[in-house]
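Asker: Sequence:
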Amino acid sequence: MQANVQQFPPFREGPAHGHGEHGHHEHHEPNFWQKYIFSTDHKVIGIQYGLMSLSFMLFGFFLMLLMRWQIAHPGMPVPLLGPLLAKILGAPAAGGAISPDLYNSFGAMHGTIMIFLGVVPLSFAAFGNYVVPLMIGAPDMTFPRVNMASFHAFFLGGVVMFVSFFIPGGAAQAGWTSYSPLATTIPTDGQAFWLVGMVLLITSSLLGAVNFIATIIQLRAPGMTWMRLPFFVWAQFVTAFILLLAFPPLEAAGILQLMDNVAHTSFFLPTGLAVGGQLAHVSGGGSPLLWQHLFWFLGHPEVYVLILPAMGIVAEIITNNTRKPIWGYKSLVYSVLFVGFLSFIVWAHHMYMTGMGQKIATFFQATTMIISIPSVIILTCMFLSLWGGSIRINTPMLFALGFLPMFGIGGLTGLPLGLAAVDLYLHDTYYVIAHFHYVVAPGSIFALFAGVYFWFPKMTGRKMSEFWGRVHFWCSLVFMNLVFMPMFAQGIKGMLRRMSDGAVNYSAARVPNAIDTLPGTVMQLNDWIFWAAIGLGIAQIPFIINVFWSIKHGEKVKSDNPWEATTLDWQTPTPPPHGNFEHEPHVLRGPYEYSQPGHATDFTPQDEPAEGPVAPKIPAPAHH
Numbered sequence: 001m002q003a004n005v006q007q008f009p010p011f012r013e014g015p016a017h018g019h020g021e022h023g024h025h026e027h028h029e030p031n032f033w034q035k036y037i038f039s040t041d042h043k044v045i046g047i048q049y050g051l052m053s054l055s056f057m058l059f060g061f062f063l064m065l066l067m068r069w070q071i072a073h074p075g076m077p078v079p080l081l082g083p084l085l086a087k088i089l090g091a092p093a094a095g096g097a098i099s100p101d102l103y104n105s106f107g108a109m110h111g112t113i114m115i116f117l118g119v120v121p122l123s124f125a126a127f128g129n130y131v132v133p134l135m136i137g138a139p140d141m142t143f144p145r146v147n148m149a150s151f152h153a154f155f156l157g158g159v160v161m162f163v164s165f166f167i168p169g170g171a172a173q174a175g176w177t178s179y180s181p182l183a184t185t186i187p188t189d190g191q192a193f194w195l196v197g198m199v200l201l202i203t204s205s206l207l208g209a210v211n212f213i214a215t216i217i218q219l220r221a222p223g224m225t226w227m228r229l230p231f232f233v234w235a236q237f238v239t240a241f242i243l244l245l246a247f248p249p250l251e252a253a254g255i256l257q258l259m260d261n262v263a264h265t266s267f268f269l270p271t272g273l274a275v276g277g278q279l280a281h282v283s284g285g286g287s288p289l290l291w292q293h294l295f296w297f298l299g300h301p302e303v304y305v306l307i308l309p310a311m312g313i314v315a316e317i318i319t320n321n322t323r324k325p326i327w328g329y330k331s332l333v334y335s336v337l338f339v340g341f342l343s344f345i346v347w348a349h350h351m352y353m354t355g356m357g358q359k360i361a362t363f364f365q366a367t368t369m370i371i372s373i374p375s376v377i378i379l380t381c382m383f384l385s386l387w388g389g390s391i392r393i394n395t396p397m398l399f400a401l402g403f404l405p406m407f408g409i410g411g412l413t414g415l416p417l418g419l420a421a422v423d424l425y426l427h428d429t430y431y432v433i434a435h436f437h438y439v440v441a442p443g444s445i446f447a448l449f450a451g452v453y454f455w456f457p458k459m460t461g462r463k464m465s466e467f468w469g470r471v472h473f474w475c476s477l478v479f480m481n482l483v484f485m486p487m488f489a490q491g492i493k494g495m496l497r498r499m500s501d502g503a504v505n506y507s508a509a510r511v512p513n514a515i516d517t518l519p520g521t522v523m524q525l526n527d528w529i530f531w532a533a534i535g536l537g538i539a540q541i542p543f544i545i546n547v548f549w550s551i552k553h554g555e556k557v558k559s560d561n562p563w564e565a566t567t568l569d570w571q572t573p574t575p576p577p578h579g580n581f582e583h584e585p586h587v588l589r590g591p592y593e594y595s596q597p598g599h600a601t602d603f604t605p606q607d608e609p610a611e612g613p614v615a616p617k618i619p620a621p622a623h624h
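FYI, in our numbering the residues of the sequence shown are 1 to 624.
Some clues are possibly wrong.
To be verified - In silico DSBU-like cross-links for lysine-lysine, where the CA-CA straight-line distance does not exceed 35 Å:
{"#": "1", "residue 1": "LYS556", "residue 2": "LYS463"}
{"#": "2", "residue 1": "LYS330", "residue 2": "LYS463"}
{"#": "3", "residue 1": "LYS463", "residue 2": "LYS359"}
{"#": "4", "residue 1": "LYS558", "residue 2": "LYS35"}
{"#": "5", "residue 1": "LYS35", "residue 2": "LYS556"}
To be verified - For each label pair, taking beta carbons as the anchor points, the in silico distance ranges come out as:
{"#": "6", "residue 1": "VAL275", "residue 2": "VAL478", "range": "40 to 50 Å"}
{"#": "7", "residue 1": "ASP560", "residue 2": "TYR506", "range": "53 to 63 Å"}
{"#": "8", "residue 1": "ILE534", "residue 2": "LYS87", "range": "48 to 58 Å"}
Treat the hints as calculated values from the structure; they're not laboratory data.
Note that the structure is a prediction, hence the values are computed from the model and not measured.
The beta carbon of each residue, even a glycine, is placed where N, CA and C say it ideally should be.
Make a model of the complete structure from these sequences and hints.
Answerer: Shown next, in the form of structure tokens:
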């Protein structure tokens, strides 16, 4: 550890540091590769993560559009892109139409890309890397080279996932959950590529998690006590622990399933397995249920990996734009710690249909209901923070405010799924898709957009366009709801997920006069959802243009603290130099001292010296 600590650039405190240590680090200008590709600077790595994950999310969104076309118009050639798909992917896209196998590939890769290559690296790695060291007053992460290795493992995992589309047989087809024995019996190499990619992505997350935990514990500035940490840092801290404890079981399971695929072992393959009416040549003795347990032991904590950093971002933006301390800071901290603990004992509510006993099902029902309590407390604290605030409406605040009801819808609609009796009916219907996407899409992703708009001035020294930011928000809000809200109705009517024809055949197979036959109106919703998804895609164009245009032409910020915030990340030069701070900050107060009595300004930075109770220094000149 000591060797790594010595890599940090020194705080710039004058000539004393000028030649000895300083010269050792800055005697030559790093070239392009050293500065941007193999950088150990946490800010550069954060931006690398951000750009890569946003690119992957765009690709994952494109796969979703293709899937929605196939669901709305089964077997029809894809307009405009059909010939190109046929040329690139060959037989699975013959005639420009999407075959059932290709649909399965798109479904599996959409889920994997959006979660493991999109939201997780953007929320945890990108924002975490850039913001956390600045917020705690650190010069860098504890292990800068491990940080670089973490990004490169993530990048390689993404490359392996992307390449799998172009191998014979195409990408993985067993869903983003990769359930055995299906994942092992599909006669293509796509699943093996998926597993190798997952192992790399999990390795990346584990390296990042260790680094964040060490950094937050070891490198806080003097005076930065635990109860002076910004809520965003707490959210990242708990998320890192969740990753550290939940990911290793799936990494081990991924390696074992890979062995089932390539070395013909039977860790997850049962005795007597039949494939296509023929007994499979497997030694047997394995358990498909074991894979489900190992997957969901990661899979449910993973939901909190997606949402906790998002909650942290929203809390920072709300308290800044209400100009008052966040309501119930300690309640927020204890709630997020409680969520982190409970997230490990709720996973089997995904498995009620596996035949588990009533007693164990009751246990998981209880824990699922209990974990909703701290989530409600966090949401309530954020709503109450708005009460009596001098609210500034800007683009980051709009997205933060949009997050609150959208996450609320996602969370509340998840409660019925935690009850075994209700889950029997709703399991694997579009209701589940609607619930999960409300948490992740207008939930987490809205918060991430808010974070991009909020910290962009610190990263670049320029603000993004307010007008186009508002266009982006309102269009995204409308189309997000138009895409996902109808899915609740489809799910309650019994429409099943993962069907390449949009459940047309399933519906036709029912007895015509039966009460649960899918009516035409339910099937018609598929077409409406497709056009809403097109609208949602178009709504992202202003954001993409805004980002790249603003880097060069955006409004220059007039100070290092354009939002007039209190946390240490806004007390650095803009953009922050190598080493972050001109001198080592000393923290003297809590993170959210807004609108304090006796101050000339409505914000008091964490490192601002305390003023005397009588005749404060700052307000005195204001009377002249």
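Asker: Confirm or reject each hint.
Answerer: Hints, verified against the model:
1. LYS556 with LYS463: holds, 6 Å
2. LYS330 with LYS463: Holds, because 32 Å separates the two Cα atoms, which is no more than 35 Å.
3. LYS463 with LYS359: violated, 56 Å
4. LYS558 with LYS35: holds, 27 Å
5. LYS35 with LYS556: Answer holds: LYS35 to LYS556 is near 24 Å, not above 35 Å.
6. VAL275 with VAL478: 40 to 50 Å: With Cβ atoms ~46 Å apart, the hint holds.
7. ASP560 with TYR506: 53 to 63 Å: holds, 59 Å
8. ILE534 with LYS87: 48 to 58 Å: violated, 23 Å
Comparing the model with each earlier hint shows violations of hints 3, 8; every other hint is respected.
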